[in-house]
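What follows is the residue order along each chain.
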Amino acid sequence: MSKFLKSLIVFSALGLALPAMAGDGEKFGLGRTATPDEVAAWDIDVRPDGKGLPEGHGTVAEGEVLFTDNCAACHGDFGEGVGRWPVLAGGQGTLKDDRPEKTVGSYWPYLSTVYDYVRRAMPFGNARSMTNDEVYALTAYILYLNDIVTDEDFELSKENFTSIHLPNEANFIEDGRAEEPFNERKAEPCMSNCKDSAVEITMRARILDVTPGRANDDEGAGAGSVD
Amino acid sequence: MTETNKPAPGMNRRGFLKAGLAAGGAAAFGGAAFSGAAGAGESDPLITEVQDWNRYLGAGVQAAPYGVPSAHEAHVVRRDVEWLTASTESSVNFTPLHALDGIITPNGLCFERHHGGVADIAPADHRLMINGLVDKPLVFTMADLMRFPRENRVYFLECAANSGMEWRGAQLNGCQYTHGMVHCVMYTGVPLKTLLDEAGIKTNGKWVLAEGADAAGMTRSIPMEKALDDCLVAFKMNGEALRPEQGYPLRLCVPGWEGNMWVKWLRRLEVGDEPWQQREETSKYTDLLANGKARRFTWVMDPKSVITSPSPQMPIAHGKGPLVVSGLAWSGNGRIKRVDVSIDGGRNWTTARIDGPSFSKALHRFYLDIDWDGSDLLLQSRALDEHGFYQPTKNALRAERGENSIYHNNSIQTWHVKEDGTVENVEVS
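So the sequences go chain by chain: A and B.
Our numbering puts the first sequence at residues 3 to 229.
Our numbering puts the second sequence at residues 19 to 447.
Hints are not guaranteed to be accurate.
Here are the in silico distance ranges between beta carbons for each label pair [to be verified]:
{"hint": "1", "chain 1": "B", "residue 1": "373", "chain 2": "A", "residue 2": "192", "range": "19 to 29 Å"}
{"hint": "2", "chain 1": "A", "residue 1": "198", "chain 2": "B", "residue 2": "84", "range": "52 to 62 Å"}
{"hint": "3", "chain 1": "A", "residue 1": "198", "chain 2": "B", "residue 2": "120", "range": "37 to 47 Å"}
Covered by chain A, according to a simulated footprint, are these stretches of chain B (three or more residues, beta-carbon under 8 Å) [said to hold, decoys possible]:
{"hint": "4", "segment": "120-129"}
{"hint": "5", "segment": "225-239"}
{"hint": "6", "segment": "310-316"}
Don't read these hints as lab results, they were simulated from the structure.
Ideal placement from N, C-alpha and C gives every residue a C-beta, glycine not left out.
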């Protein structure tokens, strides 16, 4: 198949117009083929459909020991979070509250994300140090902390992984910003006499002394978050 | 404040700066230090007396093999807010927008956001892998990447959580903190499309996973349409190598889209048929609405602007008369078409002057040159982009989304300029 034909098919499959660019899809013969071992070493991502899950298994009870030793210093013994470190458990039913508690049980849509993230980035400061079985055990324990499984002998494995669904999955929706009133295209904003009465100040900055030092006087006022 | 910032007759410069700092914090550098300080009829000793720098030799070449800003600019630095995060390795700091001008951010002042600290990678040890639904999985060295045709592009990068602390109301007193998770530099790199074509995308390849080599193994799913459109695999910023904290030696640019997707220390691109639902696109960077639903894949950064001076960290130190109102505007949709400025809290608007280059998905600099009468102002700016999108008020945004979205707050900012020239972050009716 010619290169041109191949890129034509790729673009057609994507529903895109074929760009009229010279050299489109051109190959330079740079780089080398990745070996299967190299791909396996780096490609550890896991998807909700189970693609990428390694062989292995681990129980809630095994996970509890691992969690206490490796995770509890930041996340707390029961996933309640220490200081500003992430809370992992609880918070169900708080998403409409003034202060929602977004945890694996209350917010996260997919269990695969827990496995993927723990395996690639945890424990914080010692990433990639857990075996696949240990990550299964920790994932099982996080399910237990969130009352999604209740049996300490429950064993999570590659085989039963995709049978487990997190409770908040259905509450994720697509980007709806384009339908918001102020995002209607070509709506020319008002230029004069845009408000009926004189403008009043309704609120002042809560934290005034962030410059040039730190906001260390009013920790309780730190309501914001960069997540 | 204008009066207290003027040096007393006979006061030396050091004393003046000290007094200025004590009286008005950053205000000392805001204006009085640069204005003709002597009163009418008095002679300025800075002119009538020979100054040290005019008599003695200064430093020679190579005093600083890599140049650094003047010591007098030592206050122009990135700053953080300690209580925001649990550790500095997974944290953020802020660009000092109030002290900058033009549209290009100096490399050392570009805000930082890391999830596992700054990875320290020798370029010779760095590899970029392309795998997944491709004809041939490939590994590139940095030397390989330098042999592809490259492009230069100016883009802003804004964290989706920029202004995220301000949803519930005015919080932090300074545009560095309210709007400082944005920067704009010129990137040099290879189009992502060029690299994907080299591996050959299979027909069912609809998504690209970008992965970093850092201790967070940062990952984001990017739709193929965007990957083939304008994404860039960059190794230079403003002409020099990427700074370590910006992903040295290699980062992804995803123009106009949220900064979290601009994966730093880029080591792998995987082609797949579905998104991967990674941590940074499920538990984070999803926008929780008042009804408990959460929007996902909210990639584009909406039109936004902020007046950088005057602002809380840049009060008016010169009293009434000519005043330069200066600010930044940007949109992930393309170019900025217009910026309007209000001095009365949004009742009436005047179109500002955009100066400097206007690049798509880059910062734009605007000015409104006014004759300040010394009275209170409620300063606002409102950006419109070339596609007709404009900034909503804070109340309009909250009416649609509630107060728990964290991300994508592009609402209009209000600064209260007081008669003494000080400025405060406020909300208005």
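Okay, the hints, checked on the actual structure:
1. Range check, residue 373 of chain B to residue 192 of chain A: Cβ separation about 25 Å, and the 19 to 29 Å hint holds.
2. Checking the proposed 52 to 62 Å range against residue 198 of chain A and residue 84 of chain B shows it holds: the Cβ atoms sit about 57 Å from each other.
3. Distance hint check: the CB atoms of residue 198 of chain A and residue 120 of chain B are about 39 Å apart, consistent with the given range 37 to 47 Å.
4. By the rule of at least three residues with a Cβ nearer than 8 Å to a Cβ of chain A, the coverage given for the segment 120-129 of chain B is violated, with 0 such residues.
5. With a threshold of 8 Å between beta carbons, the proposed coverage of the segment 225-239 of chain B by chain A holds, since 6 of its residues qualify and at least three are required.
6. Proximity of the segment 310-316 of chain B to chain A, defined as three or more residues with a beta carbon under 8 Å from a beta carbon of that chain, is established by the 7 residues found.
Of the numbered hints listed earlier, the single one contradicted by the structure is hint 4.
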